[in-house]
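**Q** So the chains spell out like this:
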Amino acid sequence: MILEKFLSFDDIQKSLENGETSVTAIVNYYLQNIQTKAHLNAFVEVYTDSALAQAAAVDQKISEGKAGRLAGMVIGIKDVLVYKDHEVNASSNILKGFVSQFTATAVQRLIDEDAVIVGRLNCDEFGMGSSNENTCHGKVLNAADETRVPGGSSGGSAVAVQANLCTVSLGTDTGGSVRQPAAFTGLVGIKPTYSRVSRWGLIAYASSFDTIGIFSRNVKDNALVMEIMAGPDNFDSTSSKKPVPPYSELLHFDKRVKVAYLRETIESPALQPEIKANTLALLDKLRKEGHEVEEVEFPLLKYVLPTYYILTTAEASSNLSRFDGVKYGYRTSAAHNLESMYKKTRSEGFGEEVKRRIMLGTFVLSASYYDAYFTKAQKVRRLIKEFTENLLNKFDYIVMPTTPSTAFKFGEHSNDPVAMYLEDLFTVQASVSGVPAISIPNGTDEKGLPIGIQIIANSFKEAELYAFADYLMDINQA
Amino acid sequence: MISQEIKDKYTLVVGLEVHAQLLTKSKMYASDSTEFGNLPNTQISPITLGHPGTLPKVNMKAVEFAIKMGLACNSEITKYNIFSRKNYFYPDLPKGYQITQDKGPICVGGFVPVVLSNGEEKSIRLNRIHMEEDAGKSMHLAEEVDTLVDFNRAGVPLIEIVSEPDIRSSDEAYNYLVEIKKLVKYLDICDGNMEEGSLRCDANISVMLKGATEYGKKVEVKNMNSFRNVARAIEHEFERQIQQVEAGETIISETRTFDATTGTTASMRTKEDLNDYRYFPEPDLSPVIISEEWLNSVKVAMPSLPRELFRKFTQEFGLPDYDAGVLTDSKEIALYFEELCGLTGNYKAASNWMMGPVKSYLNELTLHIEQFPIKPVALATLIQIIDEGKVNFSVASQKIYPVLLANPEKSPLEIAQELNLIQESDEGSLKPIVESVLAENEAKVAEYKSGKKGLMGMFMGQVMKKSQGKADPKVATKILMELLDN
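Sequence lines, in order, name chains A and B. Under the UniProt record's numbering, the residues of the first sequence are numbered 1 to 478, in order. Under the UniProt record's numbering, the residues of the second sequence are numbered 1 to 486, in order.
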């Protein structure tokens, strides 16, 4: 196949410019790949008809010289982003058969620049999970080792790019759901600053944490998609009004910077030895390149996960109340009155992890425990945010491993939710603080499984984050 | 029934929560129409239905309306407004939570002065006014087994006006509600219609022994669909709670529902099985910040309020309190009257016209003043020609006014002339009429002269009859006196 070389959007654009290929041919290539790799279970639904129709329209525009900036890009979207007239389930039985009446702002902006939406991608139910095992669509296999999880919750989105089933994909990241699977699959995955990308059309898990992120093979593709997707949106009053810099044109990096790494992350007993070694090796390279690298203490690390789980489950318990069998989605057939309709619908429709988090969230918001949990967690969140921002005023970046371990086996953490929650140990700090963070590949472990490294920058410093990430990718390959 | 003697031992304590549906064109957090009375589920966007992926957006007009009410009630306006979620499950609540304000309502404190039936004035303090959204409507149709839900109303903006427990009688409660209704109508932020549900009231009622410093346990009463029923429910609760206390039983905190047919209340649920609403800050809305400029622009645009107009009518126009009260009862009447008074200096005559012929015409045809055909300028002219002695009041009200109602484009003077109603106030033309009346009644003239002065009225009547009502009574009397007393 002539298209095997298309591993970056630059390649695709060059071939389109040279007239070597067409958007329709590119879409067909990916459709073929999706079929071949169907067993990975990344795609929940392939939009063959609408994707080919879009492709034909973009080809027409190219011939008229009117194509948008993403002409030739083929994108898969996580099953929590809505797309008009297409089904969306959030990987939950409770939304079986639900068809959205509108399109998420982020998705619409990509379509407006002539990207083709090729299908929706498997994930953990409502974004709750770190292994993509909590899904009504069946588990997703990691293409690096099919006996292992791809990470979660955006596991399908990760594998879709990893296995070359689309050019880039959209995921969502509430506590690490883009960065952790990116690390497990050897990809670039970003969680932007909270409020940088409109949440209109993102099915909420925890509203004050949810962000839309991107998976890609390289930093430039990621930056390009982000600069188109980000920006103010009338439909989301919490979206930032700040202008969006052209990230993909600001990748040039030639300054000396100050980098902090957190002692507690490197010294964490949960950290896999090869990850520690690779992280330290990269920090060494940075020192050798003349950057200032300093170890700092992060005494709040042990409070980060509890804070995250109290606040996100509280918001989730409320956000998921609308799925009650009254208006849309699944409704039990076994109800005999209103209360049993609610109970049975929700008991049958939601998966175990979602129910666990709804109960947790309901508990921490209940009158008797509100101050002990919710109010306290809000205060600790402020402390973590202040600590992180202060640190990022002194340093340009914080660098740490994305995950404590590489991709684990299916079922390894299934019976131990707390062990599963520990997967997010390093990713939740940025989520709790609202700052942007990116995971990029940083070698492999002794089994050949990808290792990720995470870079955090201060709020709205996506341009600086992308440039540094691109630079790190370069020095790592050198 | 309990005796007055026992009743007198207790003090009634009432606080009212009034929900007012705001007259915005669109909903509190969505652009759907708020129009009342359309087919069920025709004003339901994905936002209203809480479709996954939707987010609310605050209707700034609703915020402005809430500010107006706060200013009218002397409340403090909160600059930094956050919203909260009130979580509970009910089929008419699409998101499973209501977006409301919990901590930090838009209006804090304030008071509403109320005139009681005995003429005394009392200030009812407000605790707060906050913004929130309405729920849909559950409907149980006769031929349907299932409950149906209409979401047209879901998301319609409301303000909730919460009073302090300052109300001490059903009469105070009634008058407070009248005042609230007057205010929202003057401000044009709510149509004030309690029967259609655009104004709703819950009452928190308790009793305590006179002189006690601590309130009794309060009972919340719902489902009263008129001011009258609020008063009835309070009366009933007052007696019921006293009876219970007298019998040595304790009052339990509960929610009771009012039954208009029996005038009694019945328990709905006790506090123990009340929902834990799990309020927390709404993360889907950014805070609404009310700038000084915005607040000032709302202040500048505030319409005249009933109390201000009342003061103007009594102090500037010198009208009795009674007149001012009637004329400020409705904003439209008050504004018509104010305009009228700008065109005539005879305020009392203007008031008499408003309360007499104008009101009876409106009442008879059940019309609003907006539908009243006669423009203030025509009514002012009518008052003027009476003052000038061209016609008298009874001719004006009985003969000119009906014609004017049917032909509002005509001038009153024109009508008077056409109907030949201009008074004879010219002595020269009246004198022959008087003389002929006296000539026709020689016997009576003799009686008058021998001391039966009461006959004056009879002569006057004859003169009026002969002049077809056009004789100026003052001039006619003068001529009569001259001729008779000489």
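Don't read these hints as lab results, they were simulated from the structure. There could be a bad hint or two in this list.
Cut-off 25 Å, straight-line C-alpha distance, at most; resulting in silico cross-link-like pairs (PhoX-like, lysine-lysine) [unchecked claim]:
{"id": "1", "chain 1": "B", "residue 1": "Lys-452", "chain 2": "B", "residue 2": "Lys-431"}
{"id": "2", "chain 1": "A", "residue 1": "Lys-379", "chain 2": "B", "residue 2": "Lys-86"}
{"id": "3", "chain 1": "A", "residue 1": "Lys-344", "chain 2": "B", "residue 2": "Lys-137"}
Partial selection, computed: residues in chain A whose CB lies under 10 Å from chain B [unchecked claim]:
{"id": "4", "residue": "Ser-237"}
{"id": "5", "residue": "Ser-239"}
{"id": "6", "residue": "Ala-334"}
{"id": "7", "residue": "Leu-338"}
Incomplete in silico selection of chain A near chain B, CB under 8 Å [said to hold, decoys possible]:
{"id": "8", "residue": "Asn-93"}
{"id": "9", "residue": "Leu-95"}
{"id": "10", "residue": "Leu-271"}
{"id": "11", "residue": "Ser-321"}
{"id": "12", "residue": "Arg-322"}
Think of the CB as a built atom: it goes at the ideal place given N, C-alpha and C, for glycine as much as any other residue.
**Q** Minimum Cβ distance from Ala-334(A) to chain B below 10 Å?
**A** violated (16 Å)
**Q** Between Lys-452(B) and Lys-431(B), does the CA-CA distance stay at or below 25 Å?
**A** OK: Lys-452(B) and Lys-431(B) at ~22 Å, within 25 Å.
**Q** Does the CB of Ser-237(A) sit less than 10 Å away from some CB of chain B?
**A** Hint holds; Ser-237(A) Cβ to chain B Cβ min 5 Å, cut 10 Å.
**Q** The hint names Leu-338(A) as touching chain B; please verify it with the least Cβ-Cβ distance against 10 Å.
**A** Since chain B brings a Cβ to about 7 Å from Leu-338(A), closer than 10 Å, the hint holds.
**Q** With a cut-off of 8 Å on the beta carbons, see whether Leu-95(A) makes it to chain B.
**A** holds (7 Å)
**Q** Mind checking the CB of Asn-93(A) against every CB in chain B and telling me if the closest is under 8 Å?
**A** violated (14 Å)
**Q** Holds or violated: Lys-344(A) and Lys-137(B), Cα atoms, limit 25 Å.
**A** Roughly 24 Å between the alpha carbons, so the hint for Lys-344(A) and Lys-137(B) holds.
**Q** Report holds or violated for the interface hint on Ser-321(A), using the least CB-CB distance to chain B and a cut-off of 8 Å.
**A** holds (2 Å)
**Q** For the pair we were handed, Lys-379(A) and Lys-86(B), check the Cα-Cα distance against 25 Å.
**A** holds (21 Å)
**Q** For the hint on Leu-271(A), does the least C-beta distance to chain B fall short of 8 Å?
**A** violated (32 Å)
**Q** For the hint on Arg-322(A), just tell me whether its beta-carbon gets within less than 8 Å of chain B.
**A** holds (4 Å)
**Q** So, Ser-239(A) near chain B? Judge it on the closest CB pair being under 10 Å.
**A** Check passed: Cβ of Ser-239(A) comes within 9 Å of chain B, closer than 10 Å.
The structure shown violates the earlier hints numbered 6, 8 and 10.
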